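Note that the UniProt record's numbering numbers the sequence shown so that position 189 is 189, with each residue one more than the last.
None of these hints come from the bench; they were simulated from the model.
None of the values given here were measured: they were computed from a predicted structure.
Some hints could be false.
Unchecked claim - In silico EDC-like pairs for lysine to aspartate or glutamate, Cα to Cα no more than 20 angstroms straight-line:
id : residue 1 : residue 2
1  : Lys187    : Glu230
2  : Lys263    : Glu236
3  : Lys208    : Glu230
Claimed, not checked - Derived Cβ-Cβ restraints for the label pairs, each shown as a range:
id : residue 1 : residue 2 : range
4  : Lys228    : Leu167    : 51 to 61 angstroms
5  : Leu12     : Met217    : 20 to 30 angstroms
6  : Leu67     : Glu221    : 44 to 54 angstroms
7  : Pro64     : Thr164    : 41 to 51 angstroms
8  : Lys228    : Glu259    : 44 to 54 angstroms
Positions of the beta carbon are idealized from the N, C-alpha and C atoms, including for glycine.
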Amino acid sequence: MLNEKIAVKDILIITIGCALYAFGLVYINIANELAEGGMTGVSLLLRYWFHIDPALSTLLLNIPTILIGWKMLGNRSLIYTIYGTAMLSFFLYIWQRTSIAIDLENDLFIAGILAGLCGGVGSGMIYRSGGTTGGSDILARILEKKKGISMGKTLLVFDVFILTLSLTYIDLPHMMYTLLASYVFSKIVDFMQDGSYAARGLLIISEKHERIAETIMSEMERGVTFFKAEGAYSKEEKKVLYCVLGSHEIVMAKRIIHEIDSKAFYSLLTVHEVLGEGFSFDPKPKQPIFIKKAKP
Numbered sequence: 001m002l003n004e005k006i007a008v009k010d011i012l013i014i015t016i017g018c019a020l021y022a023f024g025l026v027y028i029n030i031a032n033e034l035a036e037g038g039m040t041g042v043s044l045l046l047r048y049w050f051h052i053d054p055a056l057s058t059l060l061l062n063i064p065t066i067l068i069g070w071k072m073l074g075n076r077s078l079i080y081t082i083y084g085t086a087m088l089s090f091f092l093y094i095w096q097r098t099s100i101a102i103d104l105e106n107d108l109f110i111a112g113i114l115a116g117l118c119g120g121v122g123s124g125m126i127y128r129s130g131g132t133t134g135g136s137d138i139l140a141r142i143l144e145k146k147k148g149i150s151m152g153k154t155l156l157v158f159d160v161f162i163l164t165l166s167l168t169y170i171d172l173p174h175m176m177y178t179l180l181a182s183y184v185f186s187k188i189v190d191f192m193q194d195g196s197y198a199a200r201g202l203l204i205i206s207e208k209h210e211r212i213a214e215t216i217m218s219e220m221e222r223g224v225t226f227f228k229a230e231g232a233y234s235k236e237e238k239k240v241l242y243c244v245l246g247s248h249e250i251v252m253a254k255r256i257i258h259e260i261d262s263k264a265f266y267s268l269l270t271v272h273e274v275l276g277e278g279f280s281f282d283p284k285p286k287q288p289i290f291i292k293k294a295k296p
């Protein structure tokens with residue numbers, strides 16, 4: 001019996017992600033003689049070495065890693081991974097038998113960028129839904145879960161190793177453009193893992209903390225929290241303000257701080273996610289990124 005709920009929305013997003021990733025692999029990577037990293041890169045090696053269909057080799061190569069994931073991943077992640085692996089093989093089979101012409105005028109730089117974008121967005125959709133496409137994805141997700149290493153960085157290391165082997169069937173320029181694609185891929189994956197919007201945490205130390213807090217709450221409609229702190233040198237007790245803002249609101253926050261207390265100390269922090277009661281993402285136009293919920 002499953003301990004985690006399987007969401008239809010997640011299944012749909014994984015399906016679209018697999019379709020996009022496979023599309024880029026067939027019509028960008030293979031069409032422009034670019035290699036690929038991870039287990040998919042191994043399937044391309046087998047394609048050129050032994051003429052094995054990537055749709056078949058991708059499915060077969062992922063069986064051992066799925067067995068590893070059986071013990072280390074949760075039930076939902078395991079099911080999503082099996083589904084993602086099957087869908088990737090399915091769409092590789094479909095796209096290889098569908099005639100679509102993409103003329104890049106033999107521009108390998110554009111091909112590398114597009115390959116990274118297609119693979120990164122497709123894989124990012126899969127990862128955000130809690131799934132993988134098997135292979136190195138499973139190992140990367142395990143490292144992220146156990147060691148806190150981002151999937152993008154782990155996948156980049158795997159890619160470099162496979163790309164070195166790929167020199168057996170592609171020349172150095174094609175390998176370098178493939179490395180460009182892998183770099184773009186890793187950045188897009190990390191971006192989609194962090195979220196589609198950027199947020200910043202703002203720490204403020206000021207003698208006029210009450211007035212700054214009131215102004216931020218009234219003019220920017222953002223919540224502010226006070227932390228009790230003590231100066232290491234002065235031993236004086238202070239109040240530190242903390243608030244989370246959208247990246248586009250930082251300029252206004254700085255203006256408020258400077259106008260109230262030009263001697264205030266403040267520090268900006270990168271915030272990858274904002275969760276919990278009081279904040280939510282609202283895609284409707286003319287609405288702030290974070291919306292404070294009214295108390296019941």
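Going down the list of hints, with the structure as the test:
1. Of the supplied pair hints, the one linking Lys187 and Glu230 is violated, its CA atoms being roughly 39 angstroms apart against a limit of 20 angstroms.
2. A distance of roughly 17 angstroms separates the Cα atoms of Lys263 and Glu236; the hinted pair therefore holds under the 20 angstroms criterion.
3. This hinted pair checks out: Lys208 and Glu230 have alpha carbons roughly 16 angstroms apart, not beyond 20 angstroms.
4. Range check, Lys228 to Leu167: about 59 angstroms between beta-carbon atoms, so the 51 to 61 angstroms window is met.
5. One distance hint, 20 to 30 angstroms for the beta-carbon pair Leu12 and Met217, is violated here, with the actual separation near 39 angstroms.
6. Judged by the Cβ atoms, the range 44 to 54 angstroms given for Leu67 and Glu221 holds: they are separated by roughly 51 angstroms.
7. For Pro64 and Thr164, the hinted distance range of 41 to 51 angstroms is not satisfied, since their beta carbons lie about 22 angstroms from each other.
8. Checked against the hint of 44 to 54 angstroms, the C-beta distance between Lys228 and Glu259 comes to roughly 26 angstroms, which is inconsistent with it.
Checked against the numbered hints given earlier, the structure breaks hints 1, 5, 7 and 8 and satisfies all the rest.
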